[in-house]
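There are 2 protein chains.
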Amino acid sequence: MKRIGVGLLGLGTVGGGVYKALQSQEDVILKRTENLFEVRSILVKEKQKERSVNGVQSLITTDFGRVLEAGVQVVVEAIGGTEPARTYVERALKAGCHVVTANKELMAKHGVQLERLARSRKVQILYEASVGGGIPVLGTMGHFLKTNRLHRISGILNGTTNYILTRMSREGASFEKVLAEAQQKGYAEADPAADVDGFDAVYKLAILCRLAFETDVPVRQIFREGIRDITPEELELVRKLGYAVKLLATGEQYGEKGPVSLRVGPTLLPLSHPLASVDGVYNAVHLEGDVVGDVTLVGRGAGEKPTASAVVEDLCNLFRLPPPRLPLSEDSLLLPAGEAGGSRFICMRLGNREVPDPEQLCQRLEGIGLEVVDAVSSRDGVAFILRRWDPSYTSMVMTELGLEKSRIISRPIRGIIFDQERQSEMERVV
Amino acid sequence: MKRIGVGLLGLGTVGGGVYKALQSQEDVILKRTENLFEVRSILVKEKQKERSVNGVQSLITTDFGRVLEAGVQVVVEAIGGTEPARTYVERALKAGCHVVTANKELMAKHGVQLERLARSRKVQILYEASVGGGIPVLGTMGHFLKTNRLHRISGILNGTTNYILTRMSREGASFEKVLAEAQQKGYAEADPAADVDGFDAVYKLAILCRLAFETDVPVRQIFREGIRDITPEELELVRKLGYAVKLLATGEQYGEKGPVSLRVGPTLLPLSHPLASVDGVYNAVHLEGDVVGDVTLVGRGAGEKPTASAVVEDLCNLFRLPPPRLPLSEDSLLLPAGEAGGSRFICMRLGNREVPDPEQLCQRLEGIGLEVVDAVSSRDGVAFILRRWDPSYTSMVMTELGLEKSRIISRPIRGIIFDQERQSEMERVV
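Quick note, the sequences are listed as chains A and B, same order.
All the letters of the first sequence, read from the start, carry residue numbers 1 to 430 under this note's numbering.
All the letters of the second sequence, read from the start, carry residue numbers 1 to 430 under this note's numbering.
Only chain A is shown next, with the shape it has when bound in the complex (with noise of 0.2 Å):
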């Protein structure tokens, strides 16, 4: 047995999770690891807070100085944000302690320079929680898909918009009205911008498309759309045409080496993609490897217990595993988001306008070029299917039409989309 000194950085949900698991599990770890890991040093902001765990007031300093000094090999950082958590996770990196952090703006934005500084310093950082919770992920990529070239990695990354876009598809309201209830039971942030525009996601997929490609894209050159715009009525729309809207990561790089294209933003999956189904807070990523094929892992992304169970493997892991590889070989070009190119949805809100009937409709946007696949309506709104999309069609569609831009919603659509090709696809992976 080996008895392993750990300080905590926060005591909140991640951090009292961290603690309580570490008790709960101890027996566990021992006969599978051999390691007793003993928190020995706790930071927090307020000293006389009310906690959710018991018997830690002698551990509890706010000084972190202090932490370091309490015997530890191993800081685990729980406070998240990139100040003052990097000044915090650097200091231990230097002092030659392993990191175990759940922070993913921080690992987004300064994860290259951290794990060169621990590389440097002979040490690890290892961030699995940063990135879906407790679903494995990014362990999965550096151990068990390390032999396969990923071409493709896309995410439902953020639990509070699934829970947001489930219960608008399910219950038909409003995104304003879930939201508030969402804000009220204490699902989402009294600011939501974090999550329901986007920025969270954005953070996640850089973290993966860094450890996947190899390549480190700045998070503010991402692209980023977020879900205000959903109505219940387009989501009525989508599925009446057999489809799912989801807050969809996308991460693609065309060759090894290769240039890469990120996007985070509403995206429609047919029904029969394995990502179509994760519904509520469940996170998930499918994986796109030259061997493999396709694996996709889905889990809880959030909350206490999952992010503290990726933080405990962390833990035993950083004493067990190879040191993962350091991130990057070079800077890969980024690509502009795929805008042109590919399948779309394009939705119309009518407000008081006639709905046009969707077979006229498809013979007026055929007869003005575009290939539109399926089209449907609703009590005042219509949406259709185009197997190509080119931004100018925008314009095209809104002469046509006589609509205003305001009007026209466009989403790009991932998966297989057409039954006939659905078919040969199944086949064709026996």
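What you were told as hints is all true, and nothing was included just to trick you.
Restricting the straight-line Cα-Cα distance to at most 25 Å, the calculated cross-link-like pairs of lysine to any residue (SDA-like) are:
#: 1; chain 1: B; residue 1: Lys2; chain 2: B; residue 2: Ala95
#: 2; chain 1: A; residue 1: Lys20; chain 2: A; residue 2: Glu69
#: 3; chain 1: A; residue 1: Lys31; chain 2: B; residue 2: Pro323
#: 4; chain 1: A; residue 1: Lys31; chain 2: B; residue 2: Glu288
#: 5; chain 1: B; residue 1: Lys185; chain 2: A; residue 2: Ser272
For the record, the hints were derived by calculation from the structure and aren't laboratory data.
Chain A is fixed; fit chain B onto it per the hints.
Only chain B this time, still in chain A's reference frame:
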């Protein structure tokens, strides 16, 4: 760079796939693991057969002894079945070679002895490809869920049966018709028993449960039911009730070191269950642990490339990851597969008899003390869901409705059943 000699047993789908993948991924493997795997000898049955891989003639032998003499550190067993595979694997381990195998039958029946033999010779035997093809489920359990107590595993572990059920459900075609077509196209064996009668899934379930529950259950003691009696009519009724039927493999453990229950058989899943939408030849495993909640892994369960991916990952991990724990501590009590308790789907084939009105049927069944959740009818059958099930109910229903037993089919239901519960479950996990 380290050169590692590999001996390949078998050059069929799996063996040929491994040979090709070692060539196509050579640079990726070298870059990421600093190992170069060289196939130095290949055991085949017939020396002169035509093969899908080129340039191997000089490596080919029909004498196993020659493989061990070729300077190999690892033997990849890709023959399948128990003999001669078992003898070869034992000889390889005794000669101090690591072994990687995709052989589920061998590992289900003799895995414990082979792992003990490997341990005693200070080598490893890895077998990721034996369960779920390209899905890294064994690695995930061993390395990324090792601090969790797993209490339930549910899996779609056989691609052939999932393909047959998917096509039956989509096309309304009979089992016999879809099977015949699948055989014609080479997706199903001429003797389909291993797949459609559930043996293949039983082997994989035995392996999964040994790792998850640390107990060894003899495969012949595992409850097994195939898919031959499923009709398109039943699938139609199931769909009307909001469920899907899968050939599900389930293992549960009741408390740490507690009794276990293992079962392979057609099972209803509510459409919201993560496994319900896993269609075609895809496999999936749903793992439930005490900290992580649940994690689902989905991917291609068979085929040359996915299987080769898992074998090649194992090859690398022999020299990277700590050896797996010895899989079992002690024998657990095996409970009879849950016949009583839980919800149940009952389907009655009425042939030429008049189809009763579902509502009247509910009333009659409730009159004899059964708790009916929902009922539906089709042109020639009727089906209902009972909240709780007891085997004695079959005769009660037969008596009440004047039916023979052969016309009554009953299937267990897994997962969340009622909309209200589904809703609260969704909220609970946020």
